[in-house]
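Student: This is what each chain is made of:
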Amino acid sequence: MKSRAELKEKVLLSGNEAIALGAYEAGVKVASAYPGTPSTEILENLCRYEGVYTEWAPNEKVALEVALGAAFAGVRALATMKHVGLNVAADPLFTSAYTGIRGGLVIVTADDPEMHSSQNEQDNRNYAFAAKVPMLEPSDASEAKEFIKTAYAISEEFDTPVLLRTTTRVAHVKGLTTAGEMQRSSVEPGIVKMPEKFVMLPAHARRRRIELEKRMERLRDFAEAFPENRIEWGDRKMGFITSGVSYLYVKEAFPEASVLKLGMVYPLPEKMIKAFSAGVKKLFIVEELDPFIELRVKAMGIKCLGKEVIPSMGELNTAIVRTSITGKQPKNLFEPVPIPLRPPNLCPGCPHRGIFHAISQLGVFVAGDIGCYTLAALKPLSAMDSCVCMGASIGTAFGMEKALGKDSLGKIVAVIGDSTFIHSGITGLIDIVYNRGFSTVVILDNRTTGMTGHQPNPSTGITITGDYSTVVDIEALCRAIGVKHVYTINPNDIEASRKVLKQEIERPEPSVIITKSPCVLLPEMKKRKDKPLYLIVSEKCTGCRTCLRIGCPAIEWVPLTPEEAKKLGYKEKQKGHSRINAVLCDGCGQCAPLCKFKAIVLAGEDDEKVR
Amino acid sequence: MKKSGSILFCGVGGQGILLASEITSFALIKAGLDVKKSEVHGMAQRGGSVVAHLRYGEKVYSPLIEPGTADIEVAFEMLESIRYLPYLQKKSRVIVNTQKILPAPVSTGLERYPEDLLDQLRQKGLDVFPVDAFAIARSAGETKAVNMVLVGALSVFLPVGEDIFLKVIGERVPERFLTANREAFLKGIDTIRKIQEVQ
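Each protein sequence line maps, in turn, to chains H and R.
With the working numbering applied, the first sequence corresponds to residues 1 to 611, in that order.
With the working numbering applied, the second sequence corresponds to residues 1001 to 1199, in that order.
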């Protein structure tokens, strides 16, 4: 547990750590989330504070519903998710705007401009408008901590859920932050029946709809006086309206200019914007992604420049903001040098590598999903043909099957991770069984949620706080749904995996293949003492490159000139040989059976012949 | 020494870059400066190229270094030292760990690892400080202390005393690794001092 005395002085916190601290200081009692970059560390930190119930939910929709229920019960509640997670949680979001809350409810959406670790770069400010929910947007960690506390006050004052939006450069930027005072909600926890407010029958919802409009009206007035919407007058030749991390870039690129910094991006303070625009000669709107503020400012009849000059794709930075506004390119920059790329890769020993190599040999269409294993789409495995959103592998594979009928038998496979299957794969599998399909689903069970940094999930039977819980048995679950052919296999045995895959993909009935092998980055796997080490007996290596096809970072190609080859006793035309990097090898053994020449052996078997 | 600056840390996922930039940040804060540090988590960490931006001064706004403005680059791997060249300027100091970690296109035999990286950097007019951090860390008794060797090397160019760094290392590194990490840090300083004497 973190002691608060430790935090009395200024500390270096990331936006996510600061949000956790702010939520704690705001007296949050229940917090639920599904991990997703760049939001994950909020709950990972909040779970260390005393007196807060935290959990990993199966998906974001459940997370928001849990938080909403807690708010109904009169405590302060938090749901956090990445931007695409809010798509999943959009259903409860839109109607929670109608019901309102009792205890404060804040939803953190962490957007990912530039798609550092995401499949799209949607701008979730649009959700605030669409769902009619106020949204705050901090610029850095220190503001993030204060804003989340303010968000709870707004939530309870206006009886509304509040969205707090961060982006990667707020969530994962560390800055100086100070611990503050603890807040207390004036709401009494308990069961209070309010059917007109909480039961959204059409008759009730129509009345709440009117309340919602009245609330937005009051929020618009609130925005005008909200101290985090502030004008910083400077040189009046240029004025900037901006928010979030873009504010920091504007301050750095144009330190002398006048700035209207919006801490609340929805609803907007119209009077303040009009007063500001009247006070400056030329008005610019600087925001990442969509012209969210710009469209509204233009709708007020105010002349300004926004996306005419500021890019609407990717992240901004100081240089982009400056160049876009002044039109002057920076001088004397070094040109990038063409060097080999270093794309992310599956780790040495990753169990996913084995199963994807087996799949790639079958020449089928692989409907993929979201996780570390999406990296199997990259060369040399090249074993994924689609990846859309969490859970989509199963539905898209089944849709292809229905489109092509019997012709597609043996040609398509869906591949999904354990956590992703629990998140939103189960319903897709039910569709296959119920609608008499024959699709094959491979569930990659590596006992964790890998890509986001090893969060446990329901199929691991461990909670966010490390406590043991009931294990959701994926095999039993698939059988209960009605899948008759369920297999659990070891993906490190590529040949056996290939046989099961081939048999099941060609079977005209639904089947599920569960590959069971823990992620090698799990602490218990890293600590293994008995890890075998594989080596390549150089004199047996013919340079055929077969072992390189699995793309293991531990297997390295050593190029040779004809002279070098001859000197080492190879044929002159042999272009090189493979070598296993002993520091990187994790001992999974996937590579050894691939070598027809039996050049890959366990350490200790043929050591003296290894180069 | 300049009281504000931008440091670019780069290397390969798993090399301890985040801890190195963290310790540097804490030391700068202890010296009374404002700090912002930007990292990227998630997919990029799986064996890919990793970069962290650290900016310090009286008051720091942007968490990102502008191209052409980095004062110091700390490269944990040779190839990575040149990948972020557009962030550097003529007067940048470049601390390079001379370790090589082969990227996938090289290890699979599609491309070759460039041999003349340090010369390429020098030809740009940059002030290059090659450090064999792995060998130094090993001689300090802990091969995992590569990052501490590089923090030591970096500390020479920062407006923060050795004592402050050592205090931060004492607070952040587990007891049983402390002696080796302190040693690695001090050897990092020595390495730079020796290069400076020759210059």
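It should be emphasised that the hints constitute simulated quantities derived from the structure, not laboratory data.
Among these hints, one or two may not hold up.
Claimed, not checked - Pairs of lysine-lysine residues, derived as BS3-like cross-links and limited to a Cα-Cα distance of at most 27 Å, are as follows:
| no. | chain 1 | residue 1 | chain 2 | residue 2 |
| --- | --- | --- | --- | --- |
| 1 | H | K328 | R | K1091 |
| 2 | R | K1100 | H | K575 |
| 3 | R | K1059 | H | K331 |
| 4 | H | K132 | H | K237 |
| 5 | H | K540 | H | K527 |
| 6 | H | K575 | H | K499 |
| 7 | H | K328 | R | K1059 |
| 8 | R | K1059 | H | K531 |
| 9 | R | K1002 | R | K1194 |
| 10 | H | K237 | H | K214 |
| 11 | R | K1059 | H | K10 |
| 12 | H | K331 | R | K1124 |
| 13 | R | K1030 | H | K10 |
| 14 | H | K282 | H | K214 |
Student: A separate judgement is required for each hint: does it hold in the structure or not?
Tutor: Hints versus structure:
Taken as a hint, the H/K328 and R/K1091 pair is honoured in the structure, with Cα atoms around 22 Å apart against an allowance of 27 Å. At roughly 22 Å between alpha-carbon atoms, R/K1100 and H/K575 fall within 27 Å of each other, so this suggested pair holds. Straight-line distance between C-alpha atoms of R/K1059 and H/K331 comes to about 26 Å, which keeps the hinted pair within the 27 Å bound. For the proposed pair H/K132 and H/K237, the alpha carbon gap of about 35 Å is over 27 Å, so the pair is violated.
Proposed proximity of H/K540 and H/K527 is contradicted: the alpha carbons are some 32 Å apart, above 27 Å. This hinted pair does not check out: H/K575 and H/K499 have alpha carbons roughly 33 Å apart, beyond 27 Å. As the CA atoms of H/K328 and R/K1059 are separated by approximately 26 Å, the hinted pair is consistent with the 27 Å bound. Between R/K1059 and H/K531 the CA atoms are separated by roughly 49 Å; this puts the pair beyond 27 Å, and the hint is violated.
Only pairs whose Cα atoms come within 27 Å are accepted, and R/K1002 paired with R/K1194 is accepted, the gap being roughly 22 Å. At most 27 Å may separate the alpha-carbon atoms for a hinted pair to count; H/K237 and H/K214 exceed this at roughly 38 Å. For a cut-off of 27 Å, the pair hint linking R/K1059 to H/K10 stands: about 14 Å separates their Cα positions. At roughly 15 Å between alpha-carbon atoms, H/K331 and R/K1124 fall within 27 Å of each other, so this suggested pair holds.
Restraint check for R/K1030 and H/K10: satisfied, since their Cα atoms lie roughly 10 Å apart, inside the 27 Å limit. Between H/K282 and H/K214, the direct Cα distance comes to roughly 34 Å. Violation of the 27 Å bound is thereby established for this hinted pair.
Comparing the model with each numbered hint stated earlier shows that hints 4, 5, 6, 8, 10, 14 do not hold.
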